[in-house]
Amino acid sequence: MELSTNNSSRPIVEMRNITKTFGSTRALRGVDFTVMRGEVHALLGRNGAGKSTLVSTMSGFTPADTGTIKVAETKVTANGQCYSASIRKAIGHVQQTPQLFNLLSVAENLFLENPVVRGRFGLVSQERTIKLAKELLSSWNIDIRADALVAELDAGTRQLLEIIKALSRGVPVMILDEPTAALSNAEKRILFEHVRALKSQGVSFIYISHHLDEIFEIADTVTILRDGQVVKAREPVAGLDVESIADLMMGKKTVRSTREDHVKSHMPSLLEAKQIRIDQRATHDINFEVKAGEIVALAGPVGGGKEALAMILAGQQIPASGKVLSPRGGMPTIGLVPTDRHLSGYVGLLGVRENVVVGGLDILSNRFGFIDRNKEAAHVGQLAQQTHVVASSLEQPVSQLSGGNQQKVVFARALCRNPEVIIAMSPTRGVDVGAKEQLYALLRNLAKEGLGVIIVSDEEDEVAQLANRVVIVFEGQVMDELSGDYTIKDLVLRMEGVI
Amino acid sequence: MSTDMVSQSDSTKTTAHRSKWASFGSSFVSDGYTMYPVILLLVIVGAVVAPRFATATNLVNILEQISVLGLTTIGLTFVVLIGRLDLSLEGVVGFAPMVAAVALVPAAMGGLGLELPGWTGLFVALGIAGLIGWFNGFMVVKVGLNPFISTLGLLVLLRGGVLIISNGRSIYSPGKEFTFLGAEKIAGVPLSVVVFIIVATVVGVIFKYHRYGRALYAIGGNEEAARAAGINVDKVIWSAFVFAALLGGLAGVLMTGRLDSAVTTQGQGIIFSAFAAAVIGGVSLGGGRGTIVGVVSGVLLIGVINNLLTLAQVPSFYVQASTGAVIIIAAILTTLASRRSSGVKTRT
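Each protein sequence line maps, in turn, to chains X and Y.
Counted from 1, the first sequence has number 413 at position 399 by the working numbering; the numbering is strictly sequential.
Counted from 1, the second sequence has number 861 at position 277 by the working numbering; the numbering is strictly sequential.
Hints in this document: simulated from the structure, not taken from any laboratory.
Hints may be right or wrong, so weigh each one.
Chain X stretches covered by chain Y per the calculated footprint, using a threshold of three residues with CB under 8 Å from any CB of chain Y [claimed, not checked]:
1) 347 to 358
2) 384 to 391
3) 456 to 463
Ideal placement from N, C-alpha and C gives every residue a C-beta, glycine not left out.
Full structure from sequences and hints, please.
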């Protein structure tokens, strides 16, 4: 591999006018992006700004729709077709979630599909794999058994292994997308040492992180994205500070609708969580309540525990300790909109009616358990109107609906049991703007009618448009709370883990 | 986004131009009627080819022959709807009535010497079947075994169990009170056919109109979504295995009644026919799709074909092979029909 260090002003990655559209979302709108040899280039932007999409089009995981990409000597003109094979030799991409084989050993994972361990007839030498893996691991000074199964490793070690695997390929360009999310401080130090060492050999890095302190420590250059466009290109990190970066990341967004406050002081509390500990590692109890008419957002960095807390509140996950109660006694009636509607939201084979009814089988059936057909038709019809589901008929399979309508069906299902509290996780993920506003209006109306609303979201705008109170969850604990007239800047800084 | 605001009833009207035939076709397939025209055709062809086919006696005979397979297939449908399977049903068909038989008859006839009163036979058989189903549910839900391997093991175990408790000998004439369900007739109609029709109707209604049925379809379609919707998924899965085994046990009792003996090889091979009947009837082995109307059509088709081949005096070696061929062809038909009727890609 040729790594010329003497010419550091020569670009190694040049991307011109990259566009990428997912459904109705324009993730990248004509992005130019350049990386020089031997530099650590930080890519910043809020959730949904297009960072991960941009690096994915660079490595080819997600083919770009249009534009040109030049990595080292390879030039690609994108047309939506897959091109990852042609640039794979020049680029390594560590994704947010490790892509490892849990049931293979560490050594096998490190050298999978690597010709150095292959002998004649394609036979793979187990001995050689283990030997090379041991050498590699000791060069990183890490204490992992080469023959351990990846499933045995903790999240941080797995993340590090993914990075080691990518870096050991000897490619001139490395993408690190949130590499430190699961790493301990010690592991982070090891990683940074290696990044610096490889940088001095001429390897270039594209570095994405939510932790601005890491950017100041490791990066040379910064590019900032907002809404799929570059708002700051190739700025030396020395010329920036936290405040100016935050301003650039946020920009002046036109907020389409604003939050409403339906909480009155005398409103009863609907759900009380007492002395919750999400898992064994948590060191502080979480106490939490939701009042009638209140919209509470659980926010915080990815992997900080906000989803786990929501699942505990919904009664879908058992906490390490503590319990969730209704002030009336027992569990409150809860409607849940799960994070991933494809995975756990709807039943694609079934029609709209059957999907909705699944959420309220107990209230729609008589004492022998038979569904009351009149009640069913009336209730489902009313819910479909309330959530604005558009389908050719209530019998149309939900798999045939658009993303926004599928999500509305999931909302209707959550409301089917007439819940006191609705917990909506990523309520508008993958939903177009129109449906988004309808869902926001729906949530506000529910609060107005006296329901308690809990949302979990990674989108600052969404939180700011909806929530009267924001609970910041980080490292399995409630770190902070915003309420009343908080600004979006307060929110962004806390959600990105800066403050 | 004004179009999005269109309420449900309005949008139904605007898409009413979708041809009536297309919507009739898709509900015809999804409700499980696909195979009935084929059966009708076979009956007509049969009536022409074999004069003895279209007699009342023969048609009743077909129904009597399929009632055992029918109950087993309905039982199997419970577990297949939730995306599982139960091979041990075949073992239940032989084992449950055998236990009842050895508990009824005196030791001299190969019994255990318990000599329980005859009316208890049905309850012993169903009790044993229910326990087996409970055990299957326990293995799948609590222990977390793959039902393929756990029920396969149990199938082999039950086959051996039949030989152990019966000492390898069939039990003849286990008593009228035990065999009447499979042997008696009401106004010329075998009681077993009546039992099959009642069970099919009740289960059909439960699948369609009872919360339990809705839960089965939801779990089969997307288990995680069912859980998130508040369904007690584990309980439903567990109970589906119990219902399946109970129906297998009932099928076994009918079989013993018809033969007036609990035979050691009773039920062997029935699970393959049951799977075939279910698939022909449009039950998806992946779960979440299938109706009792369809299951009955699958069972009928297999019964009619077997009967026709026998009447046409096809040599018995060929009967088996041609039944297999017909199963494959029918399965292709059902799959194509359901793909055509529901694979339409529409976006609102």
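Indices of hints not satisfied (ascending): 3
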